[in-house]
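Participant: Chain by chain, the residues run as shown.
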Amino acid sequence: GENVEQHPSTLSVQEGDSAVIKCTYSDSASNYFPWYKQELGKGPQLIIDIRSNVGEKKDQRIAVTLNKTAKHFSLHITETQPEDSAVYFCAEAGGSYIPTFGRGTSLIVHP
Amino acid sequence: SAVISQKPSRDICQRGTSLTIQCQVDSQVTMMFWYRQQPGQSLTLIATANQGSEATYESGFVIDKFPISRPNLTFSTLTVSNMSPEDSSIYLCSVRGLREETQYFGPGTRLLVL
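Top line first, the protein sequences correspond to chains A and B. Counted the way the working numbering counts, the first sequence spans residues 1 to 111. Counted the way the working numbering counts, the second sequence spans residues 1001 to 1114.
Since the hints were derived computationally from the structure, they do not count as laboratory data. Nothing here was measured: the structure is a model prediction, and the numbers come from that model. Some hints here could point you the wrong way.
[As the list claims (entries may be wrong)] DMTMM-like, lysine to aspartate or glutamate: derived pairs with alpha carbons at most 25 Å apart:
hint	chain 1	residue 1	chain 2	residue 2
1	A	42	B	1026
2	A	42	B	1101
3	A	57	A	15
4	A	68	A	39
5	A	42	A	84
6	B	1007	A	15
7	A	37	B	1064
8	A	37	B	1054
Given only the sequences and the hints, what does the whole structure look like? Please build it.
Facilitator: Okay, here's the thing in structure tokens:
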């Protein structure tokens, strides 16, 4: 991976609303796209990932979509809860499996 | 997933000194990595810790400043040498299997250099 752009840098929502974080990448060889959640004082935790042969993946309130043609992928969180508040990182990796990370999105869910 | 522990969890150090951070994994893993996360920033790969041989460093990181050891498949250390305030960061240990994609992170070591 070479470069990953992540937006927005900060996202503030009300409890129950949806949150969407978007990432774009430039390396056509990228084929693995994980998302990590980092709570204050902790290390990043993998929450969901998607591979290039899949367009969408869902796990309860979390979903990720991938558009390989446009080289962008997104994280969708529905029915947000205060415990969803954290910094979220997208990443992409190619054949070496070493990920390149985005700059992170600070999600704040207001009760 | 692997359970990763790091010691110390945090430290405050004086400039010019060195700190060694330990990473322990609860299972044998092929790949171990060290990352740096500066305040409010993303994760930057420092090096890949290779068992029984010298670590592979990324551009901008050198062995004299960040010596790494990996004596076996479950343990690695990262030393931050001759520290300056610019070294204040979170240092993260990460692991994965050889042909696996998923990478797991330890809780991090929060370092403040005065």
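Participant: Quick one, are residue 57 of chain A and residue 15 of chain A close enough, alpha carbons at most 25 Å?
Facilitator: holds, 23 Å
Participant: Does the alpha-carbon distance linking residue 42 of chain A and residue 1026 of chain B stay inside the 25 Å limit?
Facilitator: Holds - the C-alpha atoms of residue 1026 of chain B and residue 42 of chain A are around 18 Å apart, at most 25 Å.
Participant: Quick one, are residue 42 of chain A and residue 1101 of chain B close enough, alpha carbons at most 25 Å?
Facilitator: Holds, at about 22 Å.
Participant: Tell me if the straight-line CA distance from residue 37 of chain A to residue 1064 of chain B falls inside 25 Å.
Facilitator: violated, 32 Å
Participant: Given the hinted pair residue 1007 of chain B and residue 15 of chain A, is their Cα-Cα distance within 25 Å?
Facilitator: violated, 36 Å
Participant: Checking one constraint from the list: CA of residue 37 of chain A to CA of residue 1054 of chain B, max 25 Å. Satisfied?
Facilitator: With a Cα-Cα distance of about 31 Å, the restraint between residue 37 of chain A and residue 1054 of chain B is violated, given a limit of 25 Å.
Participant: Would the hint linking residue 68 of chain A and residue 39 of chain A be met if the CA-CA limit is 25 Å?
Facilitator: violated, 29 Å
Participant: Decide if the proposed pair is consistent with the structure: residue 42 of chain A and residue 84 of chain A, CA atoms, cutoff 25 Å inclusive.
Facilitator: Status holds; Cα separation ~14 Å.
Checked against the numbered hints given earlier, the structure breaks hints 4, 6, 7, 8 and satisfies all the rest.
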